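Q: Spelled out from the first residue to the last, the chains are:
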Amino acid sequence: MNTFVNKLLNICQLEEAARRDHWLNRIHPLVKLMLTIIYIVLLTSVEQYNLQRVLILGIYPVLLLVISDLPLKMLLPKLIVPSLLGISLGLLNPLLDPRQLHIAEGIYISAGWLSLTTLFVKSIWLVLSALMLVVTTPIEDIVFALERLKVPKIMCVQVLLTFRYITILVTETERIILAYSMRSGGKRSIDLKAWGPLIGQLFLSASKKSVMLYEAMKLRGFDGQIRSKEYKVKVIDGIYMCSWIVIFKLLVGVW
Amino acid sequence: MHMSDALITPAVGGTFLAASAYVINYSAKKIESNVIEKRVPYMAVISAFVFAAQMINFAIPGTGSSGHIGGGMLLAILLGPQAGFLSMATVLLIQALFFADGGLLAFGCNLINMGLFTCYVAYPLIYKPFSRGSKKWLLVGTVLATVIGLQLGAFSVVIQTIISGKTALPFKEFTLFMQPIHLAIGLVEGFITAAIVGFLYERREDLLFDFFKNNSMSRQLSPRKTSIIVQGILVITLIVGGLFSQFVSSDPDGLEWSLEKAVAQAETSEMEESVTVTSTIEMTMANLQSKTAVMPDYDFNQSDDTNISSNIGTSVSGVIGSLLVLSIVTVFGIVIRKIRF
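In order, the protein sequences belong to chains A and B.
For the first sequence, counting from 1, position 237 maps to 237 in the working numbering; every step adds exactly one.
Every position in the second sequence, counted from 1, becomes a number in the working numbering once 1000 is added.
Just so you know, the hints here were simulated from the structure itself, not pulled from any lab data.
Bear in mind the structure is a predicted one, so any value in this text is a computation, not a measurement.
Check each hint, because a few of them may be wrong.
[Unchecked claim] Calculated lysine-lysine pairs in the DSS-like style (CA-CA distance at most 27 Å, straight line):
(1) K1038/B <-> K153/A
(2) K209/A <-> K153/A
(3) K1135/B <-> K193/A
Take the sequences, apply the hints, and build the full model.
A: Structure representation (structure tokens):
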């Protein structure tokens, strides 16, 4: 059952952090989203053997983590496992790329290990930068930013509603699995004959919920759209954006 | 099967993001505006359902292991291709943002791999023709569509990984590793999806998208539509097969690849000795990278003289490779539009 509990705990913790009263959380969501995208493009552009540049670029997520006052302990479990999973295709690099690279006078290093290390560090920074976006920006604000980036409204509404409903359905799934487990002598996996009925029932229940949800929303004036809070770009947002772009430029000399 | 940001280049990620943005817009427009109001809550809840269902482990008989659903095919069957694709996009975006499964740059790759091939290829070309038969054929179609959707997705992962060149995986071996594994995964997922579809067929067949429409109209496939489907499959097979063989023939096999690596290593060592000791680490690495590119045939500029020309060649080859995949996606789109499901 840990998977379910952890998933719920993850969502709750991230959302709680995003709703704190912190100056970083008050930055315009579009600015934060754009900076995250720029950073991701910048970091993924770095060559696979350029560990030094990848390390230097870690300044962005690490500095955000420090500024945000969030405990590393909270983010660490969300960071390491996804980072490792994210580079699974590169795990064979040390075996497939055994060349020795000359990095300094008399010092050689395995190309495969170097590229794997670079991938791993890169993966950590990428996951951390995405995490820093969601721990400083509530889901409604992210959806607002997506709308500004011309993502179709139907998808924006869907993201918002799905996010809200995940918690409810995950809780329900946990209950069903727990009941199954207790009746089947502690089995954690669902047997073949129960595949259809068990998840089918979950679907029927979800389907009923969607009707109730629609009716409840309709009674409150739902017309297919959810109006998000309007944000105005402030001076601090401009300063924040420009500062980071200058820092990126200084770090890599891209421009 | 999630691609992560760390494994792709901006050119590959950007191209697939653009392709997926086009399909998202197409899907959003296809869902008629007057039904959005009713369908959005349903789509959202079903997306959340798939998200929750992904966490359930299903015991695989006789193996002692378990599997879970991916959800793309199930979403298409429950919601239809357009809404299914949008729902898959939603699930993947939430996973990328909140669970670090995939990433923002890899979002397009993942959506094409897990959403497009299931909702816009396997669903109309495999599942739909089968769904017009009896329950048995409906279930066979579900399993087949899931397997084929996953196979195409897995092959797309291989292409994206190789074009990006962030790993040292050789194309042929990687393909031979990925496809059989995903065949097994696809079969398990296919049977789980079929079990759910079978259950709903018995209890609430009206909840299966298109079921009511197909049966109430007692519509059989017209010869023209059958012909279009066959032609579509042929075109796709030719394109995918042609692309596949092109890659296979242009890349060396495992032994040749190892030999090439060894030669490249020897050349590199000689070159390094001749170059001044004061050359920077960055320049040496860039040189090595250009010498040992995974797909050297895709490098237009074969000159060994400058790092710049080699790098441009590599970038161009990345873009061209991405455009090739985009072309396949576009052809799929044209075929699907012709079918008018």
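Q: Flag every earlier hint the structure violates by its number, smallest first.
A: none
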